[in-house]
Structures are given as C-alpha cells and as structure tokens.
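*Asks:* The primary structure of each chain is shown beneath.
Protein chains: 2
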Amino acid sequence: MAERRLKFWGWGYEDQQLTEAVSGKVARFVAGRTGAVMHAYRAPPRLDEVTLKAPRIAVPAKLGALVSTSLYDRAAHAYGKSYPDYIRAFARDFSNAPDLVAFPENEADIVALLDWAGGANVAVIPFGAGSSVVGGIEPKVGSGFKATLSLDMRKLDRVREIDTTSRAARIEAGVYGPALEAQLKASGLTLRHFPQSFEFSTLGGWIATRSGGHFATLYTHIDELVESVRTVTPAGVMESRRLPGSGAGPSPDRLIIGSEGALGIIVEAWVKLQSKPRYRASQAFWFDDFYRAADGLRAVSQAGLYPSNARLVDGEECALAGIGDGKRHMVVLAFESGDHPIDAWMARGVECLRDHGGMPAGGGAHGARDATADAWREAFIKGPFNREGLISHSIMHDTFETAITWERLHDFHASVKSATAHAIHAVTGKPGHVTCRFTHIYPDGPAPYFTLHASPTPGHELEQWRAIKAAASDALIAAGGTITHHHAVGRDHMPWYVKQRPALFGAALAAAKRALDPKGILNPGVLVPAPTS
Amino acid sequence: MAERRLKFWGWGYEDQQLTEAVSGKVARFVAGRTGAVMHAYRAPPRLDEVTLKAPRIAVPAKLGALVSTSLYDRAAHAYGKSYPDYIRAFARDFSNAPDLVAFPENEADIVALLDWAGGANVAVIPFGAGSSVVGGIEPKVGSGFKATLSLDMRKLDRVREIDTTSRAARIEAGVYGPALEAQLKASGLTLRHFPQSFEFSTLGGWIATRSGGHFATLYTHIDELVESVRTVTPAGVMESRRLPGSGAGPSPDRLIIGSEGALGIIVEAWVKLQSKPRYRASQAFWFDDFYRAADGLRAVSQAGLYPSNARLVDGEECALAGIGDGKRHMVVLAFESGDHPIDAWMARGVECLRDHGGMPAGGGAHGARDATADAWREAFIKGPFNREGLISHSIMHDTFETAITWERLHDFHASVKSATAHAIHAVTGKPGHVTCRFTHIYPDGPAPYFTLHASPTPGHELEQWRAIKAAASDALIAAGGTITHHHAVGRDHMPWYVKQRPALFGAALAAAKRALDPKGILNPGVLVPAPTS
Numbered sequence: 002m003a004e005r006r007l008k009f010w011g012w013g014y015e016d017q018q019l020t021e022a023v024s025g026k027v028a029r030f031v032a033g034r035t036g037a038v039m040h041a042y043r044a045p046p047r048l049d050e051v052t053l054k055a056p057r058i059a060v061p062a063k064l065g066a067l068v069s070t071s072l073y074d075r076a077a078h079a080y081g082k083s084y085p086d087y088i089r090a091f092a093r094d095f096s097n098a099p100d101l102v103a104f105p106e107n108e109a110d111i112v113a114l115l116d117w118a119g120g121a122n123v124a125v126i127p128f129g130a131g132s133s134v135v136g137g138i139e140p141k142v143g144s145g146f147k148a149t150l151s152l153d154m155r156k157l158d159r160v161r162e163i164d165t166t167s168r169a170a171r172i173e174a175g176v177y178g179p180a181l182e183a184q185l186k187a188s189g190l191t192l193r194h195f196p197q198s199f200e201f202s203t204l205g206g207w208i209a210t211r212s213g214g215h216f217a218t219l220y221t222h223i224d225e226l227v228e229s230v231r232t233v234t235p236a237g238v239m240e241s242r243r244l245p246g247s248g249a250g251p252s253p254d255r256l257i258i259g260s261e262g263a264l265g266i267i268v269e270a271w272v273k274l275q276s277k278p279r280y281r282a283s284q285a286f287w288f289d290d291f292y293r294a295a296d297g298l299r300a301v302s303q304a305g306l307y308p309s310n311a312r313l314v315d316g317e318e319c320a321l322a323g324i325g326d327g328k329r330h331m332v333v334l335a336f337e338s339g340d341h342p343i344d345a346w347m348a349r350g351v352e353c354l355r356d357h358g359g360m361p362a363g364g365g366a367h368g369a370r371d372a373t374a375d376a377w378r379e380a381f382i383k384g385p386f387n388r389e390g391l392i393s394h395s396i397m398h399d400t401f402e403t404a405i406t407w408e409r410l411h412d413f414h415a416s417v418k419s420a421t422a423h424a425i426h427a428v429t430g431k432p433g434h435v436t437c438r439f440t441h442i443y444p445d446g447p448a449p450y451f452t453l454h455a456s457p458t459p460g461h462e463l464e465q466w467r468a469i470k471a472a473a474s475d476a477l478i479a480a481g482g483t484i485t486h487h488h489a490v491g492r493d494h495m496p497w498y499v500k501q502r503p504a505l506f507g508a509a510l511a512a513a514k515r516a517l518d519p520k521g522i523l524n525p526g527v528l529v530p531a532p533t534s
Numbered sequence: 002m003a004e005r006r007l008k009f010w011g012w013g014y015e016d017q018q019l020t021e022a023v024s025g026k027v028a029r030f031v032a033g034r035t036g037a038v039m040h041a042y043r044a045p046p047r048l049d050e051v052t053l054k055a056p057r058i059a060v061p062a063k064l065g066a067l068v069s070t071s072l073y074d075r076a077a078h079a080y081g082k083s084y085p086d087y088i089r090a091f092a093r094d095f096s097n098a099p100d101l102v103a104f105p106e107n108e109a110d111i112v113a114l115l116d117w118a119g120g121a122n123v124a125v126i127p128f129g130a131g132s133s134v135v136g137g138i139e140p141k142v143g144s145g146f147k148a149t150l151s152l153d154m155r156k157l158d159r160v161r162e163i164d165t166t167s168r169a170a171r172i173e174a175g176v177y178g179p180a181l182e183a184q185l186k187a188s189g190l191t192l193r194h195f196p197q198s199f200e201f202s203t204l205g206g207w208i209a210t211r212s213g214g215h216f217a218t219l220y221t222h223i224d225e226l227v228e229s230v231r232t233v234t235p236a237g238v239m240e241s242r243r244l245p246g247s248g249a250g251p252s253p254d255r256l257i258i259g260s261e262g263a264l265g266i267i268v269e270a271w272v273k274l275q276s277k278p279r280y281r282a283s284q285a286f287w288f289d290d291f292y293r294a295a296d297g298l299r300a301v302s303q304a305g306l307y308p309s310n311a312r313l314v315d316g317e318e319c320a321l322a323g324i325g326d327g328k329r330h331m332v333v334l335a336f337e338s339g340d341h342p343i344d345a346w347m348a349r350g351v352e353c354l355r356d357h358g359g360m361p362a363g364g365g366a367h368g369a370r371d372a373t374a375d376a377w378r379e380a381f382i383k384g385p386f387n388r389e390g391l392i393s394h395s396i397m398h399d400t401f402e403t404a405i406t407w408e409r410l411h412d413f414h415a416s417v418k419s420a421t422a423h424a425i426h427a428v429t430g431k432p433g434h435v436t437c438r439f440t441h442i443y444p445d446g447p448a449p450y451f452t453l454h455a456s457p458t459p460g461h462e463l464e465q466w467r468a469i470k471a472a473a474s475d476a477l478i479a480a481g482g483t484i485t486h487h488h489a490v491g492r493d494h495m496p497w498y499v500k501q502r503p504a505l506f507g508a509a510l511a512a513a514k515r516a517l518d519p520k521g522i523l524n525p526g527v528l529v530p531a532p533t534s
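One line per chain: the protein sequences are S and F, in this order. Taking my numbering, I'd label the letters of the first sequence as residues 2 to 534. Taking my numbering, I'd label the letters of the second sequence as residues 2 to 534.
Calculated from the structure, these hints are not laboratory results. Just to be clear, a hint being listed does not mean it is correct.
Just so you know, same-sequence chains aren't split out, so a pair can sit in one copy or run between any two.
Said to hold, decoys possible - With a Cα cut of at most 25 Å, we get these calculated SDA-like pairs of lysine to any residue:
(1) Lys500 / Arg515
(2) Lys54 / Ala320
(3) Lys277 / Asp475
(4) Lys520 / Ala504
(5) Lys186 / Ser338
(6) Lys277 / Asp356
(7) Lys520 / Gly507
(8) Lys186 / Ser229
(9) Lys418 / Arg243
(10) Lys431 / Asp356
(11) Lys418 / Ser71
(12) Lys141 / Ala468
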C-alpha cells in the first residue's frame, strides 16, 4: 500500500481534496451567510504545474540518505496553512521552497545536519507537520544565507517511555497527534492536548509554538503539560531535569517553550499525562447579549471550577457553523474527569451561566452530550478542510486570535472587530464579515478568536490580505492585546510581536540566541530579526 | 511612636526576641525529641558588640538622602535567615555587611542608584525583607567590585491599582506580605500567597525567588499569580503586557520570575487576586506508613481536585511540633472556595486518603477546621521565631527542600535522608535527626522538605554545616531532584544549581544578563558566576 501523502499545498492528505462540486457547496454556504462574493472555481495546484529553481547547494555524501530534493518534498515544505500560503500555492508560486528537505532519523542525524549547515551557511527551518498559520516554517530567511534546509522531524515519532506512576511519558518530538495518542492508548493514559491542528501537527511543534489545546481552562497551553525538554542547538544538546516543580532560577523549559525553532530543535520531551475521562458532561446555552455571555463565562472562570470546555461563539459564527439563528450567542460548558462524577462542578457552572441570562439549548439534561455543542464541534474540526473550497472561489477566510483582561474586553472586542471590518471595506471595496469566539478563558480574561470573510479582488488577494492583517493587528496591539494567544509569532506577526514585547526582553532573547545558535542559522527572522533582512 | 525595627541578626522584630528562659525551653523541647546536645546559653548579638569596616565609598550628594551608612542598617543587611547566617551573627561577625544601604522611594531613585553604581563599579544587592535562607542577599560578591550597596525596597510599598473585574492589582515590589493584604482588604479580594516568611518578605522577593505559598496544589509558586512585571535593569526599564495568557514567544515574565536580583530590580507587578474564601474544610489523617501516605496524596494530586492544602508530615516531624506519637504520619487535607460549597471535593479527597489507609484524626466531621491540623499550622508559623533558641544552645537546625517525580520518591527520600543522617554523624560524631514533610504536591510528584537537627562542635558550626549541606545537596542532585523547589538558589546553592541546570541554559542566561546588566553589578555570583570570584 502506498504511503498516504500530505497535500503539498493545503490541509490534509492528498485523498482528502474537495471535488469541484463540494468546493462550490462550501463556498455557496459561506457566501450566503457572510455576503462574500463568489468567483468562478479555480482548481488547486497540481505538482506538475510547479517548477522550482535548482537547489543552490548539495549535502555531503554522508548526509545524502537523510536529504531529499524531490519536487514534492520541496513544494510540500514551502508553506504552512495560512491564507497567504494558500493564495501563493493557488498561484503556483513556490519560489520560497527550501533547497533541501531533511528527514533525520535520530538525534545524531540532527547534530550532523546542524554541524554541516553551520559550516555551509545554510539556514535550517525546523518542520513538524506544516500547520503553521503565521509563516513559521516558510524558508523565507533574507539574503544572508547560501541556501535553506527544511528539517522535517516526522521520523522521530516514538513514545519512548511511559511512567504510569507519575503519569508522564518521554516522547519524540516529531510524532503527529493521532500517532502519539495511539501509542499511549494501552497505558490507559492520554496527553489530551487537542489543538485544532491535532491531526497534522507534532509534539515538537506544539512545544515550539506554545499551542493551545482542548482544555479551555487551566491546562490551556502545552506549556502546562511539559515536564522537561531535550533540545539540539548548534552549540550542543541541552536537556532539563524531569521535575514536577522547581524554583531554581528562571525555568529552562520556559525559554524553549515558544522558541519557534529559533533557539534549537526540540527532539524529545517528558510530558504530563492524565487518565482517560470516565465522567463527562457538556451543555450549550444561548445568550441574547454577547457581553452578558462573557460575564457568565467570567463568573465560571473565577469560580475555581476548571471546566474542560467553556467557549463562547458569537451568533454570526454559530450561523457559519450551521447552528442557531445568527442572533443569539452560544456558550458551551463541559466538564470531564477520569476520577469522579462532576455533577457538583456542572451544577455550579450552569448556575453561573443562568445567573447571567444563559438559556440551556437542546434537551437540557446536562448529564450527557449536548447536540448543539456536538454540531459546533463537528464544524470546528471540518473547518480547515473546507478552506480550500473558499480559496477556489476567491473568498478570503482568515483568523487571528489574542487574549485580553476582562475589564478591557468590551472596548477591545468592539474596536478590533470594527477596525477589521472597516479595513476590509476600505481595502476591497466590499463589506466584510468578522465574527468572534473565545477559545480559552482565564480568571483574568478570555482569549478571543476572530474569523473574517471578505471578497478580495482576484489577483490582488495577497496585498489586500496584508493591508487587512496589518489593520487588525494594529488595532489589537493598540487596544492592549497579545499578537497571539496560541498561533505563534512566525514571520507574519514579527512587526507586532516586536511592539508588544519589552524591547529589553528582545535584547535578552537575541543574546540567548547568540549563545545557542552563534551563526544564527535556526529559523532566521523568527523571534529574533534575521541579521541581513 | 518609634518605628518597630527588625532584628539586625534574626527573624522578626526587635521586640520579639526570646528571653533566655524561653530559649532554654525551646532548646530543651527540641533536644528531648531529636537527641541533640544542648550547650550553655549564648546570647544573641547586641548592636554595640558589632564593629564594621568604614564604607569604602560614598554616594554623590544628590543620592545622599537615599543612602544610610548607619551601623544598624549595614548590619541588618548583611545576612538572611539561614543557619550559617545565624552562626556568623552570633559570632558577632558582620564582615560582609554592605558598605551602603539605599532606601529608594520610587523608580527614578532606583534608576539613579543603578546609574551611579554602574559607573562606580559598586555591586548592588536587591533586598526585600531579608528572609533569604540561601545567601541570596548577602553582599558577598567576590573581589571584582569597589564596594557593595544593599538596595532595600521597603519604601515602594503601595498597592497602586485594583481591578476588581479581572481580579488583579498593580502592586509595588517592596511591600511586605501583611501590608499588601491590608491594602487589598477593602476590595474583598486577596492574593492569598502565604509563604512561611509571609510576615517578613515582599512581593518583589517572592517573584525574584519563585516563592512557594499557602496553596499546596495548582497555584503553588508565585509564578502562577503574576500577570505582568515591571523591572529596572542597568540597561533600562522593561515591562511586560498585562495579559491573561499569551503564546507570543518565550514568556518575558518567566525570565524575570526567579531571576533573584541578577537581571534587574523588580519594581512593580500586576498580580492575580481571588475572592476571600467563604467555604473551608480541613481534616487531618494518620497513616502507619509514610509511603502509603504518599500514595494517598498521589491519588489526591491526580484526581483533579486541587485542594488548598495537602501536606504530609512524617511522624518524627509531627512530634517536633508537639503532635502525635512520633510513629504515625500526618496528612492534612483542606479545600477552600470563595464561590461554592466544597463538600463534593472534600468527600472525594477523603476517599482517596482512606483508600490508602488514612485514618481521620480528631473529631472527624470534615465541615469545620480540624484541631490536629490547626496545631501543626501554629507550630509551622512559630518555627522561625524559635530558631534563635536553638542557636543560643548550639543545636544545629536547618532545612532544605526539593521536588521529585512520584516514581522515584521512595528511593529519593530514603537516599537523601540517609545521606544526610550519615553526614551529620560523620561530621559531628553524634547522631543527627532528619525529618521530612511535603509542602506541595503535583500530579507528577511532591515537593519534599527536609528538616535536620544536629549537635555541632561549638566553634566549628560553620565548617560542619557546610559539610552536611554539601552531602545532603550531593545526594539530592544525584537522586534526580532540584536543588530548590521554593527557597531559591542564592549563593549557597550555586554549585548544585550549576550541576542541575542544562549547561547551555547557563550560557543563555549569562548572555541575557550581559544584555540587561552589561557591567554585571546586580547581585554578583547569584545564578551567573561572578566575573572574578
């Protein structure tokens, strides 16, 4: 049986490509609900339509077996999965494809590849499964390098050790989400970190980008699930101790978590596991007012209940998922436990939401799964697959996400939404559609996630997207948010990341990078400005 | 009314000094339970017994009002509160006292002091309330500096802003624990971070040392309560954004949290507050076997219940607190909530402990406070005050603490305890007494805290302590622990911290320090080796 290959240009496997008919159906549905203008179908790129420049460098013979220069491999490592990535792929533009793609099989291979790259002035871009939506794995490294190498971690895909007593496992960084959970299954334990990209992302990618998972509270980021990390840097290997907690200086792990491939290549980590949930309850609620729903969630977040799910989806975004009347806003509240019944937890959570005007959707009994919540969940998982239908019909679809403290939420939400909608109108000449949900909530604030749909001028999508992205990001930074809660910085967010972070932290980070990556070959331009760009 | 002054040589205020009679009572009690040898009473130092070398430098006139060279101030900033600190103070040895003590009133004063110190090659030691037990605030900086200045933050003591919506407050770093809570009181909110040093430690000190508080689970370290930090470094001021969560690169706050004054002076922070507990329940349990008690706590820690207290105290340590028969081990389990009754939580927690052989102590009804738990709590708070009684009678008392994953606990606990006891015997020629409790528990492991009592040869306490400390620390590092869970690194733990942390993290941290503190004047020798020592 042939290996199931990932699309070289978009979300999912090659056999998961939408037909023209399905693309049309998806686009018509979205156009109907957002007012976006649908243009004639454009087919996704085929590999035979792609031409690449010849690689600018070759590896020495001893590394030859690790490296591919095939058209497929190079094209498949050119982009992540952002809107501008799709637009360029649909334009058959793969000019930033890496010269080389390496598939190391172990840590020694990575050390050898980094040694060679350092000597040859080749930029190395760590690659998990390519789900970045922020230009994090694009080999766009400025002019200071002789060539680029995409370092694909997929062969380091094993769970090496499971400690059922402390509930932790030592896992290689290149493993995809489903394979990770499959290897844990027999132990009865699970990582239960389910970012939307779960199927096409890796443990190392999650740690490198501070990914946000399944849990809406408490264990939101992968950060909280990391016990120790092993990292290969050009200066050598570093590994932190496996400790449940420590107060010995600033946390070594917290320097690597979120380092986006700019400080080293994460090769392995001990991560914290938990028992499979035995008790679960989920219920959806409708609210007439978005901000009252937010108040309800604030009460939940400050109650010390730690629900596994506590998400607010605004009315228009519900409608886009085929749920509700477009006017009322949905909150999904769920608890789960591998240890004890969660009735008392759910009862108090429900009370918090009712106190703020929440009306239970569906049957109402909260002991079981809720149909409204399930419908939204299915739409959430299918979303990334459907995006190619929108691109095929020239509908712009993009998302951006952030976090803000509760007391600023109203003004923040209003100003970011309005600045984005205004920018869409100003740039495209047509109205845009901007919706919002909360992906995670904290006692001190939510993580709002915005989705936009627009009608760009075919052929001008890239420049129009850039202008809209800039306006949205400017508004978000001006109003006090973070440029990303869990999508990472990559290349796309650098201008706003630099504004957001303390300048002296930037200087400290650049100094740390010089210590670990003296030649600056790792993911140049990400987190630390590239020397020559 | 005269200002209530802190003792210049030990724990608490000057009016809290033990009488000779009380010292004798304390020492007799401890000697009776530990077998330690009691020697004749030695009085604590009086200020008129202390002589200091003249300050090696003076500040310029414009800084004169901020700086003291009084005997009291210099002596009171020479030491923290560790056993070797007491021993040297009782020896009337204050040779490491700072040349100058500064009391800045605001951030501008701190900037001016750092500017001057950088130009004059004066080492600056940030000082909160002096409760360090690891040599963290001792002006022992090697030979590379012209003089030393202890920078006492006590005048930056205000809560500046309270946000009751997001439950956070902006607070100056020099405020002592009780004054912090007093200023929050009217808001109905509380930080609820109660390290044992609470009365004599500051917010800035907590953040700089990653202090461990009241909560035995979840919000154990101050780390989890920090929303943003403002820091003055010799290179300028850095302040992170107030965000409930972020995924934008490695966390800037996590570089400052635990930086122990080596990267900058924390001047202010936004910290997360919570509502005052309205529902509380606490119950103590007895276990016949220490490791079965640990198993019970492991079950609690992995149940997702998040008790506010979940501490194990071994039998001999209970006896030292005047509780129990010395053979059975105590677990205290407590829940609290400002939001909802905690019956379901307590019921399941109790079940976890009973399943592992826990027998309820006292009355048994778990709706109210428990007398056994209360007795231990009182002994816990009085402990630091009583130490001077032991020193006065030449009984060595010291503590060290760590963290380890559950699956290594048995061997770890046995080997560290035995190595420490053996070292005491080898060094002093007399048996020692080593006890253990857990201060915090995590799903993947506990934070064991060891207390030792020994009978050093009078006049040789320092060298004997050093040998015992080294043996205990060697054992702890060899068995996989951290050199500190919440006491910090300071100067005393540097040799083991350097072994524990990844060497490349040390290089990255040193590089970050050069970026923030180019002349290396901040707390030299802490976290980053001092240039000339």
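*Asks:* Each hint: holds or not?
*Replies:* Status of the hints after comparison with the structure:
Taking the shortest alpha-carbon separations for Lys500 and Arg515, both the intra-copy value of 22 Å and the inter-copy value of 22 Å come in at or below 25 Å. Neither within a single protomer nor between protomers do Lys54 and Ala320 lie at most 25 Å apart by alpha-carbon distance, with minima of 45 Å and 78 Å respectively. For the homomeric pair Lys277 and Asp475, neither the shortest alpha-carbon distance inside one copy (42 Å) nor that between copies (38 Å) is at most 25 Å. In this assembly of identical chains, Lys520 and Ala504 lie within 25 Å of each other by CA distance both inside one copy and across copies; the values are 22 Å within and 19 Å between.
When the C-alpha separation of Lys186 and Ser338 is checked against a cutoff of 25 Å, the pair qualifies only within one copy, where the shortest distance is 17 Å, while the shortest distance between copies is 35 Å. In this assembly of identical chains, the alpha carbons of Lys277 and Asp356 lie at most 25 Å apart only when taken from different copies (21 Å versus 32 Å within one copy). In this assembly of identical chains, the alpha carbons of Lys520 and Gly507 lie at most 25 Å apart whether taken from the same copy (18 Å) or from different copies (19 Å). When the C-alpha separation of Lys186 and Ser229 is checked against a cutoff of 25 Å, the pair qualifies only within one copy, where the shortest distance is 22 Å, while the shortest distance between copies is 39 Å.
Taking identical chains as interchangeable, the C-alpha atoms of Lys418 and Arg243 lie at most 25 Å apart only when they sit on different chains, with a minimum of 21 Å there against 43 Å within one chain. In this homomeric assembly, Lys431 and Asp356 never come within 25 Å of each other (Cα to Cα): the closest approach is 40 Å inside a single copy and 66 Å across copies. With identical chains, the CA atoms of Lys418 and Ser71 are never at most 25 Å apart, being 43 Å at best within one copy and 60 Å at best between copies. In this assembly of identical chains, the alpha carbons of Lys141 and Ala468 lie at most 25 Å apart only when taken from the same copy (20 Å versus 56 Å across copies).
Hint violations for this structure: numbers 2, 3, 10, 11, all remaining hints satisfied.
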